[in-house]
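Undergrad: Could you put the whole structure together from the sequences, leaning on the hints where they help?
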Amino acid sequence: MQIDLNGQPTVTLAATLAQLIAERGLDAASVATAVNGEFVPRGLRDGTALTPGTRIEILSPMQGG
Amino acid sequence: MFYDRTLSSRLMLGTAQYPSPQILRDAIAASGADVITVSLRREGQEGGDFRRILKDSGCRILPNTAGCHSVREAVTTAHMARELFGTDWIKLEVIGHADTLQPDPFALVEAARILSEDGFQVFPYTTEDLIVGEKLIEAGCRVLMPWGAPIGSGQGLRHLDALRSMRAHFPDIPLVIDAGIGAPSQAMMAMEMGFDAVLLNTAVAKAVDPVGMARAFGQAVVAGQLAHQAGLMPPRDMAVASTPIFGLAALA
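Protein chains in written order, with the UniProt record's numbering: chain A, 1 to 65; chain B, 1 to 252.
In short, the hints are calculated from the structure, not lab data. All of these numbers come straight from a predicted model, not from anything done at the bench. Among the clues, some could well be false.
[What the hints assert, rightly or not] Chain B is nowhere near these chain A residues, computed Cβ spacing over 10 Å in every case:
#	residue
1	Gln2
2	Leu13
3	Gly37
4	Glu38
[As the list claims (entries may be wrong)] FRET-style restraints, in silico, Cβ to Cβ:
#	chain 1	residue 1	chain 2	residue 2	range
5	A	Met1	B	Gln155	49 to 55 Å
6	B	Ile131	A	Glu23	47 to 53 Å
7	B	Ile131	A	Leu13	51 to 57 Å
8	B	Gln22	A	Pro41	30 to 36 Å
9	B	Ser20	A	Gly25	41 to 47 Å
10	A	Asn6	B	Thr6	35 to 41 Å
11	A	Asn36	B	Ser20	33 to 39 Å
12	B	Ser185	A	Leu44	46 to 52 Å
13	A	Ala28	B	Arg5	25 to 31 Å
14	B	Gln155	A	Asn36	36 to 42 Å
The beta carbon of each residue, even a glycine, is placed where N, CA and C say it ideally should be.
TA: See the structure below:
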C-alpha cells in the first residue's frame, strides 16, 4: 500500500507502525513516531495498523537552538 | 533552581549550525554549559553521530519545539521529544510570525497548560509581556524564557526597560533570556540585570572560532552572575572623585 512517510509518498508492505520501522531499517529506540499528527508511543506501535494514505512522521534527534 | 534542579552553569547552548560535529563537541565543552538544546527532525543519516555527541557531552538535554506554529504541532512534538530524550523538560516554542519568529502568546499559553497538566516541565519561549508571563505561570510554568531579540538576529537585549520590569515583576521565577544574544557583553549584561540564565546558539555557532566564542560566553555569564551577586553601584549624574581630597599637597 502507499502511505505518506515524512512527507514522501512511500510504498510499504508493513501492516503496522512497528513493522514499518523495521522495514526501513531504523533503530526503534532511536526514533519517535506520530500518525496523522498524533503522537504514537513506542508501546503502541505494534498495535497501530497502517491504512493506505496514512500520514506518518518518524523523527530523530537533530541539532537545534 | 530550574524545576528543582540546580545548574552548575547559567549558560544554555543550542546545538545547531556548527561547522562540524567535532566543533560542536568542543564548543559545548569550552562553554561549560550543562544544558544543551536539541530538536526533532525527520530521520536522516547523521542521527547516530549526533546522539553520541549528546551522550558524551554529559549535559542535560532541553528538547525544543522549534518550527511549530500551532498548539497541536507543539504538543505532539513535545510528546515525541519526551519519549526520545527521556526528559519532562521541554523548551516550548510556538511561533506566531515567520519573519520575526515572535512567539504566538495565545497558542503558547494554551500549549503550556496542556503540557504542564501532562507532567511536562515547560520552558516557554515568550516575549517580555508581563501578563503573558502571568498566564504562563497560571498554566503551570515555573520558568519563563523572554526573548532578548528575534531568534538569530544577534541584536542583544532590544527592550531593556521591559526586561527590567519583567525581572522586577517576577522576582521568584527563574527567567532565562532566550534568543537574540549576539555578543558575550550582551549575555553578561543580562546576568548583571539579575536574569538567571541565557540561552543562545547562533552567536557561538556562527562565530569565526565557535570554540573560542563558546569559552568567551561561558566566562561572560559567570562574570555577569558574580557582578549581580556582588551588587552594582548605582549610576550618578555627576563625577565623584574616587581619590580622597584629604592630604592633597598644595603645589599650586
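Undergrad: Each hint: holds or not?
TA: Hints versus structure:
With a minimum CB-CB distance of about 18 Å to chain B, Gln2/A clears the 10 Å threshold, and the non-interface call stands. With a least CB separation of 19 Å from chain B, Leu13/A remains clear of the 10 Å interface cut-off, as annotated. Annotated as non-interface, Gly37/A brings its C-beta within 10 Å of a C-beta of chain B; the closest such distance is 6 Å. With a minimum CB-CB distance of about 7 Å to chain B, Glu38/A fails to clear the 10 Å threshold, and the non-interface call is violated.
As the Cβ distance of Met1/A to Gln155/B is approximately 50 Å, the hint placing it in 49 to 55 Å holds. About 50 Å separates the C-beta atoms of Ile131/B and Glu23/A, a value consistent with the hinted range of 47 to 53 Å. With their beta carbons about 54 Å apart, Ile131/B and Leu13/A fall inside the hinted range of 51 to 57 Å. Separation of Gln22/B from Pro41/A is about 34 Å and conforms to the stated range, judged on CB atoms against 30 to 36 Å.
Against the hinted window of 41 to 47 Å, the Cβ-Cβ separation of Ser20/B and Gly25/A comes to about 26 Å, which falls outside the hint. For the pair Asn6/A and Thr6/B, the beta carbons lie near 39 Å from each other, so the given range of 35 to 41 Å is met. In this structure the hint that Asn36/A and Ser20/B lie 33 to 39 Å apart at CB holds, the actual value being about 37 Å. Distance hint check: the CB atoms of Ser185/B and Leu44/A are about 50 Å apart, consistent with the given range 46 to 52 Å.
For the hinted restraint 25 to 31 Å between Ala28/A and Arg5/B, the CB-CB distance of approximately 29 Å keeps it satisfied. At about 40 Å, the CB distance of Gln155/B to Asn36/A agrees with the hint of 36 to 42 Å.
The structure shown violates the earlier hints numbered 3, 4, 9.
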